[in-house]
Each structure stands twice: as C-alpha cells, then as structure tokens.
Amino acid sequence: MRIAICSDYFYPKIGGITTHIEQLAKCMEKRGHEVIIVTKKADYDDEVHGLNVVRINSIFRTSKTIDIPNTKELKNALESVKPDIIHAHHAFSPISLLALSIGKKMGIKTVLTNHSIQFLYDFDYLWRPSSYILFPYREYIKNADKIIAVSNAAAEFISHFTDKKIHIIPNGIDIANFSVKRKVFDGKSVLFVGRFVYRKGIHILLEAMSHVLKKQDAKLTLVGSGYLKHIIKLFVRAFNLGKNVKIMENIPKEELIKIYRKAHVFVMPSIYGESFGIVLLEAMATKTPIVAYNQGGIGEIIESGVTGILVKKESVEEMAKNILLLLNNKDLARKIASNAFKAVKRYDWNVIAEEIENVYEG
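Numbering (this note's numbering), first residue to last: 1 to 362.
Since the hints were derived computationally from the structure, they do not count as laboratory data.
The C-beta atom is built at its ideal place from N, Cα and C for all residues, glycine as well.
Check the hints yourself; a few may be wrong.
[What the hints assert, rightly or not] List of simulated lysine-lysine pairs, DSS-like, C-alpha gap at most 27 Å:
1) LYS109 - LYS41
2) LYS335 - LYS188
3) LYS109 - LYS164
4) LYS188 - LYS105
5) LYS181 - LYS26
6) LYS142 - LYS109
7) LYS335 - LYS258
8) LYS104 - LYS142
9) LYS215 - LYS109
10) LYS258 - LYS13
11) LYS105 - LYS41
12) LYS243 - LYS330
13) LYS181 - LYS342
14) LYS335 - LYS181
15) LYS30 - LYS345
16) LYS188 - LYS13
17) LYS142 - LYS165
18) LYS219 - LYS246
19) LYS335 - LYS262
[As the list claims (entries may be wrong)] Pairwise CB distance ranges, derived in the manner of DEER restraints:
20) ARG138 - LYS253: 45 to 53 Å
21) ASP163 - ASN240: 49 to 57 Å
22) MET1 - ALA176: 52 to 60 Å
23) MET106 - ASN57: 16 to 24 Å
Produce the complete structure using the sequences and hints provided.
Quick look at the structure:
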C-alpha cells in the first residue's frame with residue numbers, strides 16, 4: 001500500500017504531531033508499506049531520518065504557523081505519488097484540509113487524524129465555541145472517509161465538525177527505545193519536556209518550584225524550545241531560581257532518553273489544549289513518576305494515584321505538594337513508576353500501527 005501522510009506539521013517544526021507522523025511513517029514502512037510525507041516547504045532535507053518527504057511551496061504566509069500552500073503544486077504532488085491512501089494529520093491546517101479535498105476528487109481513500117481539542121490552539125484568542133460559524137471547516141472535513149482521534153477528548157472536539165464515526169487510536173511510543181535501565185543520581189531532580197509556549201504552563205511550574213525549594217533542594221531541567229524562552233528566563237530570575245533551573249534546547253532523542261533516566265519526577269503543567277501528551281508516554285516508558293494537571297486528554301492516560309498523580313488545574317500549591325511527595329517518598333514513586341511502565345505497553349507503536357492499518361483497510 002502506498003500512503004501519503006499530509007500535514008503542515010513536520011520537521012523542522014517540533015511537537016507531538018511531528019513525532020506522531022515520523023513514528024507512524026517508520027512503522028508503516030516496517031509493515032511493508034511505501035510512505036511519502038507531504039508537508040510545507042522549509043530549509044530542511046527532503047529525507048528526514050530516512051523518510052521520503054515532499055515539500056510544498058506557500059503562495060501566502062502570515063506567520064511561521066499559518067501559511068497558505070500552493071494548491072496546484074499539492075495536487076501535482078499527489079497525482080505524481082499516486083497514493084492508495086491519503087492520511088491527513090491535524091484537522092485545521094491548510095495542507096491537511098486541501099489534501100482531503102484533492103484526494104476525494106481523485107477517488108483516493110482519505111483518512112483524517114485529529115490531534116487537537118482546541119481550534120488553532122497556538123492562536124486561542126481566535127476561537128469561538130460555535131463550529132457552525134466555521135462552516136468551511138465542516139465542508140473540508142466531510143472529504144475524510146475515515147476519522148481518527150488520538151483521545152476521547154479529541155474525538156469529542158472533532159465531533160462538532162462531523163457526524164461520521166470516530167475511531168479513537170492514541171499516540172504511540174517505541175517502547176524498546178525508551179525502556180532502558182534507570183540511572184538516578186544523588187540530588188533531587190524534576191523534569192519538564194515540551195514547547196516553551198504559554199499553554200504548557202511552565203510559568204506555573206517555576207512558581208511551584210519556588211515553593212518546593214523552601215522545603216527541599218532540587219534541580220529543575222526544562223527541555224524544549226519556543227517563543228517564551230526569554231520570558232521563562234525572566235521568571236527564573238523573578239523567583240530566584242537561577243542556581244536550580246537548567247534550560248536545554250535541540251536535544252537529540254538519544255540524549256533526551258538519558259535525561260529522562262536521571263529524573264526523579266516528570267511534570268506536565270499544561271493548563272489547556274492537551275489532547276494527549278506523548279511526553280507522558282516517554283516518562284512512563286522510562287519509569288519516571290509523573291505529576292500533571294488534570295485537563296484535556298491527560299486523565300485518559302494517567303490514573304491518579306496509580307500510574308501518576310493528577311492535580312487540580314493551575315493549583316500551584318497542589319503541584320508543589322505532589323512534586324515534594326514523589327521526591328521524598330521513594331516507595332510511592334517506585335510503585336507509580338512500575339504501574340505506569342506496565343500501562344504504557346498498550347501504546348507501543350506496533351499495536352497502534354496495526355489499529356491504524358485496520359482503519360485503512362476497513
């Protein structure tokens with residue numbers, strides 16, 4: 001089977017959708033399929049980590065996030081590829097929606113995966129509750145023969161734009177790559193991995209760490225990149241955390257796994273917009289106990305008190321209290337980490353790829 005994976009979200013853009021597409025493509029190739037990734041133009045190799053990538057020029061660009069692809073070029077690319085399946089990712093980005101429309105006209109089977117629980121979540125001020133105001137999106141989404149959502153929360157959101165059956169297939173992880181022996185060092189360490197954007201709640205985590213440090217010496221490592229980097233540095237200074245916070249950017253996956261291994265606690269302080277959270281799977285696979293805010297699809301992955309600890313959204317005090325709990329209660333931390341490692345096996349990419357393949361063939 002020849003599969004065209006179409007999305008505006010791929011390298012050099014970093015994030016959960018990019019990770020999902022890369023791993024899905026690799027898994028499908030291992031299963032004997034030919035995969036071509038169709039995405040927007042960037043100063044990046046056409047082959048990414050051994051994957052075949054076709055890049056489409058833009059005819060109009062308003063920002064680094066929103067641009068309009070050349071529809072004729074996209075159509076020509078898909079006609080040249082001649083895919084059996086067009087699999088679009090992210091329900092509200094131009095290449096995804098246009099690929100569905102082009103595929104429908106070409107008589108190609110189309111699949112759409114929704115990864116979000118909020119429209120334009122990087123531009124949340126544009127969102128209004130009524131999807132019917134956004135009629136064009138409903139019309140484009142109608143072109144999908146099959147619809148997948150990565151969580152119940154993502155399914156509920158996309159259901160406002162379609163009446164079709166929604167297949168819930170979560171994000172995955174290559175457990176074999178992450179399942180390495182832990183190597184925790186002396187000293188208490190807390191870890192955050194994600195983009196440096198407002199909705200990730202890093203500002204709240206920094207405030208929580210200022211409370212933690214009143215009772216326990218600890219180090220916080222922030223791994224990621226994004227437009228709030230300089231603001232984060234201001235927060236670090238404001239809370240007098242300079243000696244206790246380390247910011248790391250552009251970390252290769254192999255190095256990131258080592259960083260997970262060394263952490264005592266992984267924290268996901270996102271305040272909205274999380275339909276799933278692949279970093280949770282990474283922490284679970286490395287047996288790093290988790291503290292996270294209970295919002296979006298996070299509660300579908302983490303069972304509080306069993307595979308992690310969920311706390312009330314935006315509560316700084318609860319976040320600090322539970323970070324301290326896992327830093328100082330080794331038995332509880334080990335129990336939660338062990339339970340999480342057992343639970344994460346359900347998300348192995350071999351399992352997820354088979355479920356997606358069944359949707360293709362259904």
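So, going through the hints one by one against the coordinates:
1. LYS109 - LYS41: holds (25 Å)
2. LYS335 - LYS188: holds (18 Å)
3. LYS109 - LYS164: holds (15 Å)
4. LYS188 - LYS105: With Cα atoms ~57 Å apart, LYS188 and LYS105 exceed 27 Å; violated.
5. LYS181 - LYS26: It holds: about 25 Å lies between the C-alpha atoms, which stays within 27 Å.
6. LYS142 - LYS109: Status holds; Cα separation ~13 Å.
7. LYS335 - LYS258: Holds: LYS335 and LYS258 sit about 21 Å apart, inside 27 Å.
8. LYS104 - LYS142: With Cα atoms ~10 Å apart, LYS104 and LYS142 stay inside 27 Å; holds.
9. LYS215 - LYS109: Measuring from Cα to Cα gives roughly 58 Å; hence the hint is violated.
10. LYS258 - LYS13: holds (23 Å)
11. LYS105 - LYS41: Roughly 24 Å between the alpha carbons, so the hint for LYS105 and LYS41 holds.
12. LYS243 - LYS330: Distance of about 25 Å is within 27 Å: holds.
13. LYS181 - LYS342: Since the Cα atoms of LYS181 and LYS342 sit roughly 15 Å apart, the hinted pair holds (cutoff 27 Å).
14. LYS335 - LYS181: It holds: about 16 Å lies between the C-alpha atoms, which stays within 27 Å.
15. LYS30 - LYS345: holds (19 Å)
16. LYS188 - LYS13: violated (32 Å)
17. LYS142 - LYS165: holds (12 Å)
18. LYS219 - LYS246: holds (8 Å)
19. LYS335 - LYS262: Cα-Cα ~17 Å, so holds.
20. ARG138 - LYS253: 45 to 53 Å: Distance hint for ARG138, LYS253 is violated at roughly 37 Å.
21. ASP163 - ASN240: 49 to 57 Å: holds (54 Å)
22. MET1 - ALA176: 52 to 60 Å: Between MET1 and ALA176, where Cβ atoms are some 25 Å apart, the hint is violated.
23. MET106 - ASN57: 16 to 24 Å: Holds - the Cβ-Cβ distance for MET106 and ASN57, about 21 Å, lies within 16 to 24 Å.
Comparing the model with each earlier hint shows violations of hints 4, 9, 16, 20, 22; every other hint is respected.
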